[in-house]
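Line by line, the protein sequences are chains V and B. Heads up, the first sequence is in my numbering, so the first residue is 1 and it goes up one at a time. Heads up, the second sequence is in my numbering, so the first residue is 319 and it goes up one at a time.
These are computed hints drawn from the structure, not numbers from a lab. All residues carry an ideal CB built from backbone N, CA and C; glycine is no exception. Some hints could be false.
What the hints assert, rightly or not - Computed cross-link-like contacts, DSS-like style, restricted to lysine-lysine with a CA-CA straight-line distance of at most 30 Å:
hint, chain 1, residue 1, chain 2, residue 2
1, V, Lys20, V, Lys69
2, B, Lys620, V, Lys69
3, V, Lys69, V, Lys7
4, B, Lys694, V, Lys69
5, V, Lys69, V, Lys15
6, V, Lys24, V, Lys7
Said to hold, decoys possible - Coverage of chain V stretches by chain B, computed from C-beta distances (three or more under 8 Å per stretch; other residues unrestricted):
hint, stretch
7, 92-104
8, 125-136
9, 224-237
10, 294-304
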Amino acid sequence: MALNRNKLSVTLDLKSTEGKRVFKLLCANADVVFNNFRAGVMDRLDLGYEDIRQVAPNVVFASLSSFGKDGPYVERPGVDLVVQALSGAMSMIAEPGRPPVRAGIPVGDLAGGMWTAIAILSALRARSVGSISACELDMALLDGQIALTSYLAGQYFLDGSVPAPEKWGDPADGRAFRCADDRYIVVVADDDELGILVRKATSTGSVVETALTPEEMARTFESRPSDYWLPLLERVTLVNRLDEALSEPQVLDRGMVIEIEHRLGGRLKFVGCPIRLPGFQPPIESPPLLGEHTDRILEELGIGPSEIARLRHHGVVS
Amino acid sequence: VTRSGALNGLLVLEIATTTAASYCSLILADLGARVIRIEHGAAPAAGDSYSSAEARYLTLGRNKESFQVNLRSAEGRRTLSRLVTASDAVVCDLSMSERSDIGLSADEVSELNPSLIFLNLTPFGQSGPWIDRPASEAMLQALSGGMSMTGDPGGPPRRAWLPIAELCGGLWGTIAILAALRAREASISEGCDIDLSLLDGQVAMIPYFSAYYFLDGVVPGPQGSGGHSPTYGAFRCSDDRYVIIAVIDQAPWTRLCHALSSSSLLADPRFATPSDRHEHGQELRDIIERVFESLPVAEWEKRLQAADLAFARVNRLDEALDDPQVAHRSMRKHLPSGHEYVRTPITLPGLTGEGQAPPEIGEHTDALLESLGVGKEERSRLRAAGVI
Chain V
1 MALNRNKLSV
11 TLDLKSTEGK
21 RVFKLLCANA
31 DVVFNNFRAG
41 VMDRLDLGYE
51 DIRQVAPNVV
61 FASLSSFGKD
71 GPYVERPGVD
81 LVVQALSGAM
91 SMIAEPGRPP
101 VRAGIPVGDL
111 AGGMWTAIAI
121 LSALRARSVG
131 SISACELDMA
141 LLDGQIALTS
151 YLAGQYFLDG
161 SVPAPEKWGD
171 PADGRAFRCA
181 DDRYIVVVAD
191 DDELGILVRK
201 ATSTGSVVET
211 ALTPEEMART
221 FESRPSDYWL
231 PLLERVTLVN
241 RLDEALSEPQ
251 VLDRGMVIEI
261 EHRLGGRLKF
271 VGCPIRLPGF
281 QPPIESPPLL
291 GEHTDRILEE
301 LGIGPSEIAR
311 LRHHGVVS
Chain B
319 VTRSGALNGL
329 LVLEIATTTA
339 ASYCSLILAD
349 LGARVIRIEH
359 GAAPAAGDSY
369 SSAEARYLTL
379 GRNKESFQVN
389 LRSAEGRRTL
399 SRLVTASDAV
409 VCDLSMSERS
419 DIGLSADEVS
429 ELNPSLIFLN
439 LTPFGQSGPW
449 IDRPASEAML
459 QALSGGMSMT
469 GDPGGPPRRA
479 WLPIAELCGG
489 LWGTIAILAA
499 LRAREASISE
509 GCDIDLSLLD
519 GQVAMIPYFS
529 AYYFLDGVVP
539 GPQGSGGHSP
549 TYGAFRCSDD
559 RYVIIAVIDQ
569 APWTRLCHAL
579 SSSSLLADPR
589 FATPSDRHEH
599 GQELRDIIER
609 VFESLPVAEW
619 EKRLQAADLA
629 FARVNRLDEA
639 LDDPQVAHRS
649 MRKHLPSGHE
659 YVRTPITLPG
669 LTGEGQAPPE
679 IGEHTDALLE
689 SLGVGKEERS
699 RLRAAGVI
């Protein structure tokens, strides 16, 4: 549901000769052919880049797999968690002495999708200015996650420093302070600045311009509930639960929560795409039912009703 | 600088200091666009985290040129506007009022260059109640709900240590610019002023948990090392290293039991199906934890690989960067200067250029002015007047 809005759906048996034929008909009209099979699967189906190029000489053929189409892990299965673990990202979130934890946002998967969108758009641009005619994109989730280690990798390359949870403890940029109501807050400020802010906010007598230590701050925050702190300090943010995040005025005002009338009735809510180009009214279409558009699309390919019935009868489409 | 690449021929200005915006234009530069960083702040002082020798600058500065100009002077602003006129895109992290201050309000920009793609990449965007709120990476992760889903179950929330709100904001920004460019090249739009918010970008990265929440009101807590199943997460090995496994369905579960040499697990009715295993999650975890603690991580890697399971050692960053797959994919690159970096993970066959060193701050000021027709004498005058 969440990942298929604004798409059409066709069901097709890619192992059957007829299914391959229909798939190639589809490809012949496509700008982009995208798959997320493990390396080699499309080739074994005789539907790899070289096969598709025969029918679509200008295709941008993009594959997104966990590890890409070569390398020692090419046969290994992978998911978001595997990629977060291998990339080093997970090792940075562990609490000292506790098992590592993953980013709750499946950033390995989602960033992989975003990198692929960038690759496809770049290839289309190169095609439109004539610097390539067709192209195969071999995208890997692990590559994408490694790329995101960006300047942490840069630091490591400079001086060998490895981010480790033991080095944590900078309240300005990571530690969440617990409040008396067992909610957590984070603060935008460096240590000294924060110490002074907190001291000012809680001081009854003369303001002392010395910072609280991190330990004193932790005790201070813990002495009162989060709703005491939130209005007091502009730089304090509640660590939102998801339901709170999705009802934040800023999030709603920006139109990030969208409502879609589902094919089967009922209104569904989703989070939307953060990119809005002025002058364009982006579509907000229901996620399709499986195979909902099979007939329509076959017709667009010039396949008539009796032929469609035959294909369905043979289980090539459903 | 000679360039090849998918975005060859595009000129992009970066008027920004944030990671998100610099990362966005880095991706464009890696893909072949010519990117000019506009340095307009005060010169960095010794010990500032922002200097041309610091890791973040080095990492985010490769393949870019640097142009230093004083935008408090009218002449400096005029020079910038000439660059804007010649550009295809601008990546900017300033507020609307800061943009006006440097002569680049939306109206001024569309007058200077109607086909310009101007990307505003700011923490909260250019609308809504929080436009002017100060922000940080931790704050964006906290507000989006992502932080509440990260950490030990029952424990305090943790942020993802990678700055994913900023970095993924850079990815969204790149996608926005490329989409706008495509619309422009297909002549379905002219230039545009894009308002992109890092918080929006982060919320958009919670697609299915938010769908579950909207459907049935379930609010996810910290996901620990996995979250989907008792056999989806990290396990400690005898050498105090961790390995993750990602096993949910029946076929890999059977293979896991064999890899753990545990026929009793396979026969145990408490763990017969995915929902049984979920129901008896703690009991199952306790058993499997003991098994994993009996052997070192390298041995488990062998066994899990032989069983064709989704697994991984929880690498430290140094190990990750030395990982054979990472090496094989040439994710580590060297600049001619000798600096090492991780590359943008996009290879367009036949269109990949070599990395160029990050510039010294203002390194290209003279060459760029020269190309704008500003002669040597005039440049000396501008420099003496503190404009550049």
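Against the structure, the hints come out as follows:
no.	hint	verdict
1	V:Lys20 - V:Lys69	holds, 22 Å
2	B:Lys620 - V:Lys69	holds, 21 Å
3	V:Lys69 - V:Lys7	holds, 27 Å
4	B:Lys694 - V:Lys69	violated, 52 Å
5	V:Lys69 - V:Lys15	holds, 21 Å
6	V:Lys24 - V:Lys7	holds, 19 Å
7	92-104	holds (count 10)
8	125-136	holds (count 8)
9	224-237	holds (count 3)
10	294-304	violated (count 0)
In this structure, the earlier hints numbered 4 and 10 are contradicted, and the remaining ones agree with it.
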